[in-house]
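> What follows is each chain in one-letter form.
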Amino acid sequence: MSRFFTQEHEWIEVDGEVATVGITEYAAGQLGDIVFVDVPADGRELTKGDDAAVVESVKAASDVYTPASGVVIEGNAALTDNPALVNEDPEGGGWFFKLTLRDDSELGELMDEEKYAAYVARL
Amino acid sequence: MSVNQSGWRPEMGDASQAAQTTFTGNRALMLEEALIFEIGSNETTGVDIDEAPKVASRLGSHARKGAIGLPGLSEPEAVRHYTRLSRQNYAIDLGLFPLGSCTMKHNPRLNERMARLPGFADLHPLGPVDTVQGALEVIHQLAHWLVTLTNMDSVAMSPKAGAHGELCGILAIKAALEKRGEGHRKVILVPESAHGTNPATAAFAGFTVKDIPATADGRVDTQALKDRLGPDVAGVMITNPNTCGLFERDLKEISDAVHAAGGYVYCDGANFNAIVGRVRPGDLGVDAMHINLHKTFSTPHGGGGPGSGPVVFSKALTPFAPLPFVEQQDGKFVLVEEETAGEHHADSFGRMVAFHGQMGMFTRALSYILSHGADGLKQVSEDAVLNANYILRSLDDTLDAPFGRSGPCMHEALFSDSNLAEGFSTLDVAKGLIDEGYHPMTVYFPLVVHGAMLVEPTETESKAALDQFIGALKSVGERAKAGDPALKSAPHFAPRRRLDETLAARKPVLAWKESVAPVAEAAE
Amino acid sequence: MRYLPLTPTDRADMLSVIGADSIDALFVDVPEAARLDGPVPGLPNHASELAVERHLSALAAKNVAAGSVPFFLGCGAYRHHVPASVDHLIQRGEYLTAYTPYQPEIAQGTLQMLFEFQSQVARLLGCDVANASMYDGSTACWEAVTMARRVTRKAKAVFSGGVHPHYVSVAKTMAKFTGDVLATSLPELSAASDDDAIIAAIDGDTSCVVVQYPDILGRIPDLQRIADAAHAVKALLIAVVTEPVALGAIEAPGNLGADIVVGEGQSIGVGLQFGGPYVGLFACSEKLVRQMPGRLCGETVDAEGKRGFVLTLSTREQHIRREKATSNICTNSGLCALAFSIHLTLLGEKGLRQLAEVNHAKACAAADRLAQVPGVELVNDSFFNEFTLKLPTEARPVVRELADRGVLAGVSLGRLYPNDAGLANGLVVAVTETVTEEDIEALATALTEVLA
Chain A
28 MSRFFTQEHE WIEVDGEVAT VGITEYAAGQ LGDIVFVDVP ADGRELTKGD DAAVVESVKA
88 ASDVYTPASG VVIEGNAALT DNPALVNEDP EGGGWFFKLT LRDDSELGEL MDEEKYAAYV
148 ARL
Chain B
5 MSVNQSGWRP EMGDASQAAQ TTFTGNRALM LEEALIFEIG SNETTGVDID EAPKVASRLG
65 SHARKGAIGL PGLSEPEAVR HYTRLSRQNY AIDLGLFPLG SCTMKHNPRL NERMARLPGF
125 ADLHPLGPVD TVQGALEVIH QLAHWLVTLT NMDSVAMSPK AGAHGELCGI LAIKAALEKR
185 GEGHRKVILV PESAHGTNPA TAAFAGFTVK DIPATADGRV DTQALKDRLG PDVAGVMITN
245 PNTCGLFERD LKEISDAVHA AGGYVYCDGA NFNAIVGRVR PGDLGVDAMH INLHKTFSTP
305 HGGGGPGSGP VVFSKALTPF APLPFVEQQD GKFVLVEEET AGEHHADSFG RMVAFHGQMG
365 MFTRALSYIL SHGADGLKQV SEDAVLNANY ILRSLDDTLD APFGRSGPCM HEALFSDSNL
425 AEGFSTLDVA KGLIDEGYHP MTVYFPLVVH GAMLVEPTET ESKAALDQFI GALKSVGERA
485 KAGDPALKSA PHFAPRRRLD ETLAARKPVL AWKESVAPVA EAAE
Chain C
3 MRYLPLTPTD RADMLSVIGA DSIDALFVDV PEAARLDGPV PGLPNHASEL AVERHLSALA
63 AKNVAAGSVP FFLGCGAYRH HVPASVDHLI QRGEYLTAYT PYQPEIAQGT LQMLFEFQSQ
123 VARLLGCDVA NASMYDGSTA CWEAVTMARR VTRKAKAVFS GGVHPHYVSV AKTMAKFTGD
183 VLATSLPELS AASDDDAIIA AIDGDTSCVV VQYPDILGRI PDLQRIADAA HAVKALLIAV
243 VTEPVALGAI EAPGNLGADI VVGEGQSIGV GLQFGGPYVG LFACSEKLVR QMPGRLCGET
303 VDAEGKRGFV LTLSTREQHI RREKATSNIC TNSGLCALAF SIHLTLLGEK GLRQLAEVNH
363 AKACAAADRL AQVPGVELVN DSFFNEFTLK LPTEARPVVR ELADRGVLAG VSLGRLYPND
423 AGLANGLVVA VTETVTEEDI EALATALTEV LA
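Chains as they are written, first to last, in this note's numbering: chain A, 28 to 150; chain B, 5 to 528; chain C, 3 to 454.
Rather than coming from a laboratory, the hints here were simulated on the basis of the structure.
Worth double-checking, as some hints may not be accurate.
With a cut-off of at most 27 Å between alpha-carbon atoms, the simulated DSS-like pairs for lysine-lysine come out as follows [stated by the list, open to error]:
no.: 1; chain 1: B; residue 1: Lys511; chain 2: A; residue 2: Lys86
no.: 2; chain 1: B; residue 1: Lys319; chain 2: B; residue 2: Lys183
no.: 3; chain 1: A; residue 1: Lys125; chain 2: C; residue 2: Lys326
no.: 4; chain 1: A; residue 1: Lys142; chain 2: A; residue 2: Lys125
no.: 5; chain 1: A; residue 1: Lys75; chain 2: C; residue 2: Lys156
Let the sequences and hints guide you as you build the complete structure.
Given below as structure tokens:
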């Protein structure tokens, strides 16, 4: 398994054909207390960069872009009742959705953990 | 002698003793008040209604079954309930209300009296026109003065508020483009510093929004705007004076460039108070601008409305203005509605609202304009700008004024959070001001400045009132710079401490329900 | 100038603090060509309170106030008696001169009032939640159509012919720009509302069905039937209520399957005011709340655990979401919502039901009396406090002639539908608790004379 990051602070973890997407700890911290998450429906076809999910704090709303193209197979239902999971465990239980990848060559354009850490350090 | 038979002997007591909590939760004049659902009942009413004549019902099968669940209060209980609630509100009548971009000026009570004359207040909008001539004349007169003050060609009176006025202007632009066969122009340019309503309005009307950056001195980047113009651009929405409190010096140049590129210029008139009686938007190439009667022309904000947002139009957009409007024909006032629009207003984009707009606000605004007159209105903008600059220069050694070197401000002064102590924010300054007895300024807007604090004093403040406010903001600002921890938990003296907005959004309770335990318990 | 506190000395002192030598120096960024040298041309100088009062009183005197004559106008704006305490309370400066409650610690008065208002409106309309108000009924109606589009991801709205023509007109204006498809029709002078025709017009592309209840002619449609037909194709039912007092007597739309209920709240607490400001009501089921436009007030606690109220779910709104907001609405009708809420609190369930009963009873009496006027027919099978008469001639000139005789008889359908000959003889008559037996007799007599 390997994990990649975008400049918009999404992470994507790839396990074979299936990938899991969420937002980074840095992003969750910047948003503050998350109060609402809207995850994509199963079967939705996404192209890299599409608005895939919405994450809201009290005074901000942000779109979450998909880091790679594919078909959604599951949204994280736990976030509907407990959006705070994104604050508590952004890079684990607070994942947003899973998709089957269409083209894993897209992942090559993303940052690895080390590069992302350096990127965030400069912000 | 009789020695103090009653035993009444005043004492000062020991003021150093800590305050006790009270049985009622009240703190003397600070009174708690329960909800009507907790104090009222379905059997109580505060209105005596005459007996109904006995008739056979014509409701068919539609009669209501079951209780509605509406509690009633007797008149004394109702008057007390709403009076007690009112005392938990800050208001202009209580003190300076420096909300930037909101123009919280004094609301003259003459205007209230005029709006309540039965000839205006007790008048049906569909009454035969011969029976409403005075009302139509009020609309006509106010329209005339709005056109005169802006040097524009016409005015649409029906929009219900500022954002509704924006929609009116944007729809007129769209109608004009379609008439020219250029409906393919889908882009509206909006500066980053714009009010949120601007992009929301453009999107609501089906346009795509493109941001235009600001320059380092807080104005629209004219070159960037010009570079973005092209055959896909329908127009720009620009606020002048802008939300950084600065006059857009290049507006005429921008207007000329937009017109040359085939677009139109919408001006957000929220800040018209800075220039009323002194500068006319019509002289700056503007095609449409809404005027918030509840800002510049003093109609009350009422805790969030009603507003009123007439839109003035240039000659180019006038044919597309919405219905209805009032015209004078042969000495009589007539309402031009759908029926007669075809004759000489065939290009009108249509109706935006039932009836004719915010008549109650028109009466108040006309009363305001006539009270001030030409000399008074000029003094209004001059004093508004003077007061804002006085605040800017009195505080720019305490708080960071990001555009303080960009010249004088207009009617509002902008500060940032950049020199506050680590961990201290604009929010803390705002909450500290509450304890000083003020409503805070506009915070976190405009978005182009981090931790923005936008202060608009208006012209109806005396110098003494300004001096006290400056002293208060200086004091709070210094505490925020020094990192006073007490500021982090302010306000301490308001009817409520900081409220948990996260809880409210995560578990929304938007209506009273008998069965639900109070949130306070659920949260524990 | 009575509204301007600064003295010449103040101004001079302040300029010296600023470091400017004149007021003109503060306007240096305004290009010379755009500066007015003198006062605005044509506008007289300032005037005393007395002078302004004279001017406006003279204009008011040119109007025929509803309370001064027998009065029967409705069609979306109704004359009801508003208790004296309502106007007294809304003029308290703490309500009148407050802003939108963005600083909740010092706006609990407005916020609690809004929470109570939302709760009252939700119950009256039979829905889970209501917002803190819209501009008016017509704009609330259009907002509901756009909300149905967002919820169903379909864009065809079917309007009943019984929806107020101004509301339909507003929707048509907006739909021209947004691309929504509207199926609209005109009402007919028939005893029953157009329920069958609406149901026939619903198809798989339909996002919503918009039905006024009671309708523009005063008839009461069968909402449950229409709701069932709409829901069968996953369309929403939007019910429009222009006379909320009716809901003291007839079933709430939300209890009859309506998904969104919008309305004009003017008839409770607000007064006629020649058409505005009014107060738009907007309510829906809980599951649709995130697609709702407008401000919402919610309950929460403060840092000490005390109950309090805040504006919430703000991320739907323009000041945060900007071009992705559910609506561009910002200012609502706060003070009118307060008037509505106070009036409804004074009435309570008991008073509202009595008020509705009196309205209905007087309307029944008036309908029976007016139907006796030679040549006049009552159109409606069912009605609440408003019904339609079919006159033997065009109603519009009759209304004008009756106005000349000092009777404001109602709204002619020719005024609302000027190009439809089939409706020209229709006269819509509203009868509220403010109408007396003498008023009804005056109308009947005058109508008999004019038609003779």
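> Which earlier hints turn out false for this structure, listed by number in ascending order?
none
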